[in-house]
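Protein sequence lines correspond, in order, to chains A and B. For the record, in the first sequence the residue sitting at position 309 is 309 according to the working numbering, with numbers rising by one throughout. Each position in the second sequence, counted from 1, maps to that position plus 1000 in the working numbering.
Source of the hints: derived by calculation from the structure; they are not laboratory data. Keep in mind that a hint or two might mislead.
[Stated by the list, open to error] Quick partial rundown of chain A residues pointing at chain B, CB under 10 angstroms, derived from the structure:
1) K140
2) N149
3) A283
4) A318
5) I321
[Claimed, not checked] Label-pair ranges, simulated between beta-carbon atoms:
6) B:R1386 / A:K366: 51 to 61 angstroms
7) A:Q45 / B:Q1150: 30 to 40 angstroms
8) A:S255 / B:I1053: 21 to 31 angstroms
9) A:K271 / B:E1190: 21 to 31 angstroms
10) A:I321 / B:D1046: 41 to 51 angstroms
11) B:K1270 / A:Q184: 24 to 34 angstroms
12) B:Q1150 / A:Q184: 24 to 34 angstroms
13) A:S255 / B:P1324: 39 to 49 angstroms
The structure displayed is predicted, hence computed values, not measured ones. Backbone N, C-alpha and C define an ideal beta-carbon position, used for all residues, glycine too.
2 protein chains.
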Amino acid sequence: MKIVNIGLIGFGTIGAGVVKVLKKKTTTLQKKRGIKLQLKYVCDQDISTSRGISVDKKILTTDVEKVLNDPNIDIVIELIGGIHPAKEFILKAIKNKKHVVTANKALLAEHGGEIFDAAAKNNVEIYFEASVGGAIPIIKSLREGLVANQVQNIFGIINGTSNYILSQMSLKGCDFKTALREAQDRGYAEKDPRLDINGMDSAHKIAILTKLCFSKKVDFKNIYVEGIDEVGLQDIKYADDLGYCIKLLAIAKKSGDEFEIRVHPTLLPKKHLLSSVNGVFNAIFINSDFAGDMLLYGQGAGQLPTASAVVSDLLEIANKIDNPNSISFSNMDREVPLRKMRSIDNVETRYYLRFSALDEPGVLSKIAQILGKQNISIYSVIQKGRRQAQAVSIVMMIHEAKEKNLRRALAQLDKLPIIKRKTIAIRVERG
Amino acid sequence: MKIVNIGLIGFGTIGAGVVKVLKKKTTTLQKKRGIKLQLKYVCDQDISTSRGISVDKKILTTDVEKVLNDPNIDIVIELIGGIHPAKEFILKAIKNKKHVVTANKALLAEHGGEIFDAAAKNNVEIYFEASVGGAIPIIKSLREGLVANQVQNIFGIINGTSNYILSQMSLKGCDFKTALREAQDRGYAEKDPRLDINGMDSAHKIAILTKLCFSKKVDFKNIYVEGIDEVGLQDIKYADDLGYCIKLLAIAKKSGDEFEIRVHPTLLPKKHLLSSVNGVFNAIFINSDFAGDMLLYGQGAGQLPTASAVVSDLLEIANKIDNPNSISFSNMDREVPLRKMRSIDNVETRYYLRFSALDEPGVLSKIAQILGKQNISIYSVIQKGRRQAQAVSIVMMIHEAKEKNLRRALAQLDKLPIIKRKTIAIRVERG
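The shape of chain A in the complex, shown without the other chains (with noise of 0.2 angstroms):
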């Protein structure tokens, strides 16, 4: 029976997940697959709030520096999240020879080269299955399930916080202040929920996964960020006529050259499947040369979802120790960054554009000269309702435009007095 010592840093509702699942599985794994997760270390500030289920106190510790300097702990897991001290204690887990199972997404999307290169000089391995997509097996199945592949594009909803808010402003047709704080009241939605509104969090997670599908380096400052903020009941609407949903998604593809990584909300036709996934979960759709199209759903966060994920990593190292000849991930990116990365400026997708315009003859020539002159052209045009002297809603379908020329055009539309607010653009995929 192979035994494998664990030191659990971090002991919030992820690592109360990791313990549960622990303590209910052990055995069960044991008899599965031969080899004992045990459990030595489990560290945080504080080791006094009940988290709902019993620890033998001798494995409580509030010192971080016992358990990343104990030679006997072959593997430390790491779920206090964040960049600052989380890089520290991992870099030094690894200096000392553990290996590392980590969730947090905005260390490995910003300082993933570091600890990567960090983790290969020190033959050790770096797990992260929990980091993106919760339950859902996504790094796994892009790494091995895959292997023979090359990914074209990979794109998805990987943000449960946004995805509940969206499906709950389509679904019960409430806005987003509302659908907020519903989705703070279910505990969906941080105090704080800004980096899941904003879009940063799926920017990290997409930056994890480009780095898997593309074996690239990517500067994560250069990926094109927009959140959820702005999407407005009426949008979601309008959008709903024309058979589209709006959903915030993460993008990664393939573009001649170059490739293009982004977060934005995005119209997306009904009948995508990704268009059926509603609440908080996520999923990811990949598009590969010989697998062809594939797509990956389940919880996207949450304790027991999450830590499954952190437990079958577990797993995956346990089963590489005192296998000297195993595959080493650790090596993932590190290699240079062949293939440039697409200024949004250069990016060209469709797009829905609401105007709030004044309902006067002449407007809408006005709006499409100046689109014109930018070489936008139009697919279709709604006005919705009629209001003498006052603004209306005009909503506006365009086939593929460059993004620099886009906004170059409704910056002058803007300023025009024919349209009384900030137009609303919402980019299309076809998916």
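Given the coordinates of chain A, assemble chain B onto it according to the supplied hints.
What follows is chain B alone, placed relative to chain A:
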């Protein structure tokens, strides 16, 4: 650089796909994973017909013994399908200490026990990702991603041909024969499409999934199987009116102390994700204790998707070679069947019923009376059309009923003079 020698038996569509994928990706895989997959033999009875790919003549052979007995061969890929002689080839490969990769669902479903016993005794691995769901990494996800979970139920669309036929009937309004002919014209159905249409192919696959999810031996003969050949266009239309799709589902679930395994056409609410799975695509829905609901969707068949799964298995096994302390998966299917398989007689489901009855006063009351005597209660009734002295359709949704009670009721009903044709009964799952 680790070099792994491979012998391929079966140079049909999938075999040629494996050759193509290896040809295109060997160098990349070498670079990415440090393993060289070397194809040493391609064996088939016919090695002269072109497969659209050039193969070094020196590796082509008609002599299967050469492949099975060559001490340098590490992995044998079996892609001839069917029970014999595939079984004999695989057992001989195992006896000669070779690992095996196979896509042979019939063999694993019907004789898996014998094969896994032999593999465990000889300390070699059997991998079979390509046997279920083509490119979808379902086997890996159940074994590894969900390793900490107990699956409660798993069900899905795992036969592309029948899903294509049902999708065409539903989307185009054509009848079964027309849809089948189209599937054959497009190469989605074999000339002899019986195994696909009669549900046996799905039964083979759900038997394999059941073994993985419940670690149990499955007596294949006891799986209840119904095909799609009796699904009429009008039933698809009536189901649509009621808010349902009809899909051929393979289902395995825990139910009290027993478990149910069955394959049959099923009414599924349109809002269920599986209802959006159209054409030749496959999708598998899994519910487990920690990870909750999950769905994996992708190409369930086809040359390159299936080959992509075979190559991922090759790399998995290649990684185990020279790592004597790796977890072996070949002890699966060797446990005792602790949980009893429920006889279809005792399964309880909701039902869609379509009676062809005379349009006479009192007909509904007679039907309701006979159902009532069997403890079957009606949820809703719609009578379609009124035609005196001719049979009309009475469409009924009933609450959960025990299968044997329903059969007893239908046997009585179908003998009544007011019932003009055999009553159509299709199970309903809420998902």
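Checklist line | When the least beta-carbon distance from N149 of chain A to chain B is tested against 10 angstroms, hint result | finding: 6 angstroms, holds
Item checked: Distance restraint evaluation - K1270 of chain B, Q184 of chain A, Cβ atoms, bounds 24 to 34 angstroms -> 31 angstroms, holds
Checklist line | S255 of chain A versus I1053 of chain B beta-carbon gap, inside 21 to 31 angstroms or not | finding: Distance hint for S255 of chain A, I1053 of chain B holds at roughly 30 angstroms.
Item checked: Whether the CB-CB distance between K271 of chain A and E1190 of chain B falls inside 21 to 31 angstroms -> 29 angstroms, holds
Check: Do the beta carbons of R1386 of chain B and K366 of chain A sit within 51 to 61 angstroms of each other?
Finding: For R1386 of chain B and K366 of chain A the Cβ distance comes to about 59 angstroms; the hint holds.
Note to self: Hint I321 of chain A vs chain B: min CB-CB distance below 10 angstroms?
What the structure shows: Holds - the Cβ of I321 of chain A comes within 10 angstroms of chain B, reaching about 8 angstroms at its closest.
Checklist line | chain B contact restraint on K140 of chain A - CB to CB distance below 10 angstroms | finding: 5 angstroms, holds
Next item on the list: Take a look at whether the Cβ-Cβ distance between Q45 of chain A and Q1150 of chain B falls inside 30 to 40 angstroms.
Entry: 34 angstroms, holds
Next item on the list: Under 10 angstroms, Cβ to Cβ, is where A283 of chain A needs to be relative to chain B, so tell me if that hint holds or is violated.
Entry: 8 angstroms, holds
Margin query: Just to be sure I understand the hint, the distance between the Cβ atoms of I321 of chain A and D1046 of chain B should be within 41 to 51 angstroms; is that true here?
Written below: 47 angstroms, holds
Next item on the list: Could you say whether the range 24 to 34 angstroms given as a hint is met by the Cβ separation of Q1150 of chain B and Q184 of chain A?
Entry: Holds - the Cβ-Cβ distance for Q1150 of chain B and Q184 of chain A, about 32 angstroms, lies within 24 to 34 angstroms.
Check: Can the hint on A318 of chain A be confirmed by a CB-to-CB distance to chain B that is less than 10 angstroms?
Finding: With a closest approach of 9 angstroms, the A318 of chain A hint holds.
Checked against the numbered hints above, the structure violates none of them.
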